[in-house]
Amino acid sequence: MSVISLNIGLILAATLFSIGLTGVLIRRNIIFILMSVEIMLNAAGLAFVAGGARWGSPDGQVMFIFILAVAAAEVSVGLALVLLMFRKFGSLDADLIGKTGADRDAGEIT
Amino acid sequence: MNTLLYIAGFVAVMATLMTITRSNPVHALLYLIVSLLSVALVFFILGAPFIAALEIIIYAGAVMVLFVFVVIMLNTGRAAMEQEKQWLNPALWVGPASLSAVLLGELVYVFGSGDSVIKPVVMSTPAQVGAALLGPYLLGVELASMLLLAGLVAAFHLGRRESAVDGKEGSA
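Same order as they appear, the protein sequences are chains A and V.
With numbering that gives the first Met the number 0, the residue at position 70 of the first sequence is 69, and numbering never jumps.
With numbering that gives the first Met the number 0, the residue at position 3 of the second sequence is 2, and numbering never jumps.
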């Protein structure tokens, strides 16, 4: 069997998680925010698999399957909410939805 | 094998960076699929072939296709892309990005400072994963099934009510 350095897996997971976190913080389009959340979940799963490879046990892979289930449920509900939001407000701006009706009207006028 | 791991990791990081900086959602989704495929290769190198297959089938297949369909259905057009470019000015992203970079530096320091574990890859076969999944983790499987059912019901409810309202408006 080949020999690899297993810290690389954890460092890659940390890098992907940080990029996903940056995406959540800097984007205003709700679809990009959902995609960044997917990146973060995937990075967490990568950390689990790297840990499982470190100890040579399948437990990390089992946790990845659970993360997969959580991500699938999250994305189905999230995308349904995005569709609802776009039909109701005609925009994907996450900041717009946080405002109350009066603020939103004022923002549109100015 | 190590070289392969570095290359796959580099491609994953680059594609993910492109994902969060694109203004066209379809381009971002395609970059995200590239990133997920290279992470699947990393899984394969780490000795998890079953997880690599699941990553491709469920993440790059099902979830990303769901995203693509939603982006096509929304069809926000060129004006939204221009607005997206305006939102991506440096004044908005420098602060959060530098904070994330500090976090990344700390994490890399922690993972890099420990004694580097260099050991042969132990491959966990799908049979071993399945035995663990339906053995000690059976309760987790049941909970995941309930979570997925809740997700299904919620997505159905959210999608259905709006279409019923649309139907009323259309007939009125």
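Just so you know, the hints here were simulated from the structure itself, not pulled from any lab data.
Incorrect hints may have been included.
Incomplete in silico selection of chain V near chain A, CB under 7 angstroms [stated by the list, open to error]:
no. : residue
1   : MET0
2   : HIS26
3   : LEU73
4   : LEU132
5   : ALA143
Backbone N, C-alpha and C fix where the C-beta goes; we use that ideal spot for every residue, glycine too.
Outcome of the hint check:
1. MET0: Holds, because the Cβ-Cβ distance from V/MET0 to chain A comes to roughly 4 angstroms (cut-off 7 angstroms).
2. HIS26: V/HIS26 check fails; min Cβ-Cβ to chain A is 11 angstroms, beyond 7 angstroms.
3. LEU73: Constraint on V/LEU73 satisfied, holds at 5 angstroms.
4. LEU132: This interface hint holds because 5 angstroms falls under the 7 angstroms limit.
5. ALA143: OK, holds: V/ALA143 within 7 angstroms of chain A, min 4 angstroms.
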